[in-house]
Each structure stands twice: as C-alpha cells, then as structure tokens.
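Chemist: So the chains spell out like this:
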Amino acid sequence: MKTIILKTILAISTFCISVPAFADGSMWIEELKAKSCCKTTETKEPKHKEFIIKNGDLENSETVYDLKNAKLYIRDMDNQITEQNVSGGKISFIPAYKGNYYLFFEQKSVQNEILHVTLSSLRVYNKEGNITKSLLKEVRGKTIDSKYAREPLTQLPFEIIMEKPIRKHHINCCLYSGDIAPFKIYYQGKLQKNIPLKVTMETGWVNVIKPYDDGVISFEIPRNTYAKTEKEKKYSEKMIVEAVYRVNESGVYNGQAYHTIEYTMTMPLSFGQSPLEYESKFLGFATAIGVMLVFSLGLYYNRRKKRKTPKEIWFDEK
Amino acid sequence: MKNKIKNFINNGDLRKVRFWIQLISFILFVYGGYWAINLGSSFPVFACPYNGHAGATCYLISLQHQLSMPAKVLFSPAFISILIGLVTFIAWFMILNKAWCGYMCPFGTLQDWITSLRRKMGVRFSTYTQRQFEELSKIKYLFLIIALLFPILIGTGALSNNWSAPFCQMCPARVISPMFSGDFSQWRIDFSSKTNMILTALGVSFASLFFVGSFVKKRFFCFFCPMSALHYIFANTSIVKFRKDGNRCTRCGDCYAVCDMQIKDIADDVTSNNILRDDCILCLKCVAACPEDDALHFDILNIKAFSSTRQGFEKRMNLEQ
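Sequence order for the protein chains is A and B. Mapping of the first sequence onto the working numbering: position 131 corresponds to residue 131, and the numbering continues sequentially without gaps. Mapping of the second sequence onto the working numbering: position 103 corresponds to residue 103, and the numbering continues sequentially without gaps.
What the hints contain is simulated information worked out from the structure, not anything from laboratory work. Be aware that a few hints might be false.
[Claimed, not checked] In silico lysine to any residue, SDA-like type, Cα no more than 25 angstroms apart, as pairs:
(1) A:305 / B:126
(2) A:33 / B:67
(3) A:306 / B:264
(4) A:231 / B:197
(5) A:147 / B:39
(6) A:305 / B:123
(7) A:49 / B:155
(8) A:33 / B:39
(9) A:127 / B:82
(10) A:127 / B:76
(11) A:127 / B:156
(12) A:305 / B:124
(13) A:231 / B:153
(14) A:47 / B:152
(15) A:198 / A:254
(16) A:305 / B:76
(17) A:49 / B:157
(18) A:168 / B:194
(19) A:234 / B:197
[What the hints assert, rightly or not] Covered stretches of chain B, as calculated for chain A (at least 3 residues, CB under 8 angstroms):
(20) 179-193
(21) 209-218
In this text, a Cβ means the ideal position worked out from N, Cα and C, and glycines have one as well.
I would like the entire structure built from these sequences, with the hints used as guidance.
Modeler: Below you can see the structure in the form of structure tokens.
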C-alpha cells in the first residue's frame, strides 16, 4: 500500500515538474495567400507579402486584429535586419530579392504582473524578386542560403532555431512525416538545455519533448494515419512548435509593473506525407533487372545472328 | 618555339590527355559539393542535382523549373531570370562548344569507362546501321521538346504539376548520378499519380538500358541526349570550331572508323568547312586518327589549336604497336 502511495506521489510530482507552463492557445504568424480566384493582375512593381497573426490552436484559431506594441523583424538572405512597427491586423512587406526571408514577430503586454513576450518566427521563400534592382542576387538567391541552423537573432531575447532534419528519403527541400526534426532553444543568444518544446499537429497530436544533454530537442514527425490519400497522396499538414520560458525579473512596461517575464516562442511549420509512403524501391529494382535482362537477351540473340565483326581500327579497339 | 608547342600538341597522346581531363571533371561535377564547390545551375553537362554532392547543376533542370512558372509570370519581367540562366548557359557553352560532351560530361565519361571495361573483357562492340543511326538521332530532339514544351504547358494550366521537370523524371542521370555518392534512392517508382508512376518507371528503365546499351555501344546515351540537341542550337556562338579542309581529305575513312558517334559526314563530306554535327561530342579522336596534314582541325578563336598531322598519326600508330 505504502509503495503504491509513494509511486503515486512520485508520479504526480514528476508530472508537475516536467510539464511546463504552456499557454492554452498559441500565437503564430501566418502568410496570407491570395485565393486563385482573387489574384490581381501582374504588375511590374514588386509584390507585397501579407501576414496575419493567429491565436488559438491549429483546428480553431482566430486572427488577431489588435497588434499594438508589436514589432516585426525581417532578416534577408544577407543577414540584414529591418525593423518594422506593426499596427492593425495585417503585416506586410516587400521582399526585394528572390530567396529566403525570415520574419520575427514580437509583442509585449503585461497581465497579472507578468510581462508576456509573445514571439513567433516564419521562413518565407520569395519566388519573384525585383530583377532590375539586382541581377546578381537573382542568380545567387537560387543557389546560396541554408535555411537551417541559423544564428540567433540578436534583437530577440528568446528563440527556437531549427537544425537540419534527418531524412530517410531523397527529397531535401521540405519536411515530411518520418523526418527527424531537431531544434535548439536560445535565450539571450545562449543555448538553453532544459527548456522543453511543445509540438502540436493539425490532426490534434500534441507532445512535450525534453531536450537531450546537448540541448537538442528532436522528434520524428508523425505520420497522419487518418489522411484521405485516395485521390491526392501528397497532402500537406501544419504543425506548431512552441517553447515557454519564465524569468524572475522586475520592471515596468508601459506604466505597468511586472515581476516576471514570460517568453513564448512559436514556429509554424508545414510538412508533407513521406515519399516513402508512395514510392517503391523494390519495384524500381525489379523493373531495372527486368529491363536489363530483356534488353541483354535481345542483344545477345541479335548479335549471334550477326557474326561479322564490325570494322575496327587500331586507335581505339584491339 | 611556336612550332615546338604546335608539334607537341599535334603529336601528343590524346587518349591520356582526355582520360585525365575526364577524370578531373568527373570528380569536380560528381563530388565537388564535398569541397563546397558550386559552379551554379546553368552547366551544359549532365551534372545532376539529384546527387546532393554535385559541384554544378545541369541546365536542363533549372530551365524546366523556370519554364513551368505561371504563364502570367513567365511573360512578365520575371522572364529576365530565364534569360540570365540562358546567357549563363551560353557563356559556359561558348568556351568549349560540344567538347563539354566529349571531355567534361560525367555521364559521357561514365559511358567511356563502361566501354573500357567491355574492351578489357574482350567483348566486341556493336554499331548502328546508317538508317538506325538517322532514326535514333531524332530522339534527342523529341526529348528536348518534352523538356521545353511540357513545363510551359504546366504554366498555362494545361498539364498538372506532376509533369514538373518531365525530362528529369525520365533521365537516367537522375537515377545513376546519386549512386556515386552512395545514394540508391532514385531507383524507385513513384506511385503518387499515374503520371509520376509512368515517368519514374521510364527513368528506371532508361537507366537500366543505359548500362546494357553503353556496354555494347560506344556513347550509347549521347544519341538520345537533349543537352546535345540544345548544344547544337548554340554551336555557332562558340569560340571553338571544328573544321575540315576537304581538299586535303582522301576519304580514307579512318576518322569515321574511330568516331564513337558514327558520324559519316566526317569522312564523306568534303565540301563543308564546318564539320561539327549535332551528334558530335568533339572528342577529337577523328583529328588524332587522320593521316593528312591539317585536313581536320580544332580551332579556338580561329587559331588552330589541334590539327591532324602525318607525323602525329604515325607516332600514334607506333605508340599503339
């Protein structure tokens, strides 16, 4: 009996310690894509990219229209950072060049004497750049730039950074189910080794993952067993990774005193179904061997009929 | 001094020179990525980007991706990006003309190595009849049309995205090139759609045909290579020319006999000055095998860089004996 009670106490205490103070809803940045019906006609001017801030969970989320005290940092492929104040409900910027842009959203508010610092980052690939502005960057943008393991942004106190995923398939560009996605969490530019990461999938799968000793937090992107793949085998799904960190620090923000700062960083990501789900290496090799056999036998019989050796010359053949 | 250099080149052992150039370029294009070499994505050779460690990227894949942009974007200022790629391709191509195939292409080199293996095994080689040659030579233009037209049709909405980079999906280089860095993942059939299934099955089949075909026929795949067809379109822009002096030609046929690509014109045509044909890979074996002084010559900026000479021919004969 005593053992059971002890075990129960131990389990409850472990649970209380390990589960971090994750908020009920997450806040993340999302690209606003124009519907195909409503696309404007092409102009020579570079296009605006528009973003919104979502609050809630992936199934039930709502757009945040009041973005006061918010800032946006945009890091381009040259690591140049531009700061932009945000107001209203939409965020927009004009990417000049073709390539990857990193957006960092930051909003601060004080509630119950806690300073909430809400952060979110998003990578955006700009397909159409301003060609007249820089020809060289148009060419370079295609080949250079790694989207993984980038340096933490000095302007952000707390950040989740994605490392290069480990893949079991051949496609290098994107994330797929079955890939092992590694992350690192930085506070004030320093790697943190004890902050867990909450992962939420569109399908409802939620997990809190603790870091390894080296600070890397990794998990295998789960396969969606319920996806309807009869018509379209290459579906895309969203997920959000989130980390929360509390620091006991006092201060005043916008005239409101606080005794604790709570940093919440979210990173929305999308992934597809693993190519291994709809590809067959076995049949590939079987086809290859079959073709080789048929072709070789055909050649063999054809060459048996033609006994005459073609004219050969000293230069290349004996 | 000038004559000494000229004699040294004209009487040199072409096979050794070619072997080393091919080996170095093979390492560069297949393993260049290991040394962070990235020569860009507009290269006029089959340096396949499916091999994650390639030192450069074949132009056909970037061209197909660029052409598959939505029609509105394609016919907007964004078209300049396609022009940049094309100009870069032509700039690279101008330097060597079709010698990219004969000396630099890793896929061509692989075929030459398979030929060497066959020779060592004592298996006799095959040739096409003239009629077969003429028919098969047209296939590369068909592949080029597929590579250019289908992506445009994707952009217009007439074809689905499954047809994206259609030639690459069929290309044997996609399947074979990654193998050199230990990646056998391209020997697969993609069942995500009927189109992908057919294209990837064709890719695997062509890769198998490549091995069997290259074993018995020299430069087997080069007859079907759309890059070779694309090269020929821009052949006149190159600083490198391949010329023949018909007055010096005796039509002995040695050049034809050594030609891996079975180009009959090299021996028969005594009227054309420019003897470069669409199937030519500019390996220059014909120049080395020609016994007539200056009958065939390889010119760079209209300066004879390598010419056929009686002396060179005899020297090479003795070397072989």
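Chemist: So, for every hint listed, does it hold in this structure?
Modeler: Hints and how they fare:
The suggested pairing of residue 305 (chain A) with residue 126 (chain B) holds, with an alpha-carbon distance near 13 angstroms, which does not exceed 25 angstroms. For the given pair, residue 33 (chain A) sits about 23 angstroms from residue 67 (chain B) by alpha-carbon distance, which is consistent with the 25 angstroms threshold. Our distance criterion of 25 angstroms between C-alpha atoms is met by residue 306 (chain A) and residue 264 (chain B), whose separation comes to about 22 angstroms. Only pairs whose Cα atoms come within 25 angstroms are accepted, and residue 231 (chain A) paired with residue 197 (chain B) is accepted, the gap being roughly 15 angstroms.
The suggested pairing of residue 147 (chain A) with residue 39 (chain B) holds, with an alpha-carbon distance near 20 angstroms, which does not exceed 25 angstroms. A threshold of 25 angstroms between alpha carbons decides the hint, and for residue 305 (chain A) with residue 123 (chain B) the separation of about 16 angstroms falls inside it, so the pair holds. In summary, the hint linking residue 49 (chain A) to residue 155 (chain B) is supported, as the alpha carbons are separated by about 22 angstroms, within the 25 angstroms threshold. With a C-alpha separation of about 34 angstroms, the suggested pairing of residue 33 (chain A) with residue 39 (chain B) is violated against the 25 angstroms cut-off.
For a cut-off of 25 angstroms, the pair hint linking residue 127 (chain A) to residue 82 (chain B) stands: about 13 angstroms separates their Cα positions. Proximity of residue 127 (chain A) to residue 76 (chain B) is assessed by CA-CA distance (about 13 angstroms); at most 25 angstroms being required, the pair is judged to hold. For the suggested pair residue 127 (chain A) and residue 156 (chain B), the alpha carbons sit about 18 angstroms apart, so the restraint of at most 25 angstroms is met. Our distance criterion of 25 angstroms between C-alpha atoms is met by residue 305 (chain A) and residue 124 (chain B), whose separation comes to about 14 angstroms.
The straight-line distance between the Cα atoms of residue 231 (chain A) and residue 153 (chain B) is roughly 22 angstroms, inside the 25 angstroms bound, and the hint therefore holds. For the suggested pair residue 47 (chain A) and residue 152 (chain B), the alpha carbons sit about 23 angstroms apart, so the restraint of at most 25 angstroms is met. The hinted pair formed by residue 198 (chain A) and residue 254 (chain A) fails the criterion: a straight-line CA distance of about 30 angstroms is larger than 25 angstroms. For the hint linking residue 305 (chain A) to residue 76 (chain B), the alpha-carbon distance of about 59 angstroms lies beyond 25 angstroms, and the restraint is violated.
A C-alpha spacing of about 24 angstroms is found between residue 49 (chain A) and residue 157 (chain B), which places the hinted pair at or below 25 angstroms, so the restraint holds. Between residue 168 (chain A) and residue 194 (chain B), the direct Cα distance comes to roughly 24 angstroms. Compliance with the 25 angstroms bound is thereby established for this hinted pair. A threshold of 25 angstroms between alpha carbons decides the hint, and for residue 234 (chain A) with residue 197 (chain B) the separation of about 14 angstroms falls inside it, so the pair holds. With 11 residues carrying a beta carbon less than 8 angstroms from a beta carbon of chain A, the region 179-193 of chain B meets the three-residue requirement, and the given coverage holds.
Evaluation of the coverage hint for the region 209-218 of chain B: fulfilled, as 5 residues show C-beta separations to chain A shorter than 8 angstroms, against a requirement of three.
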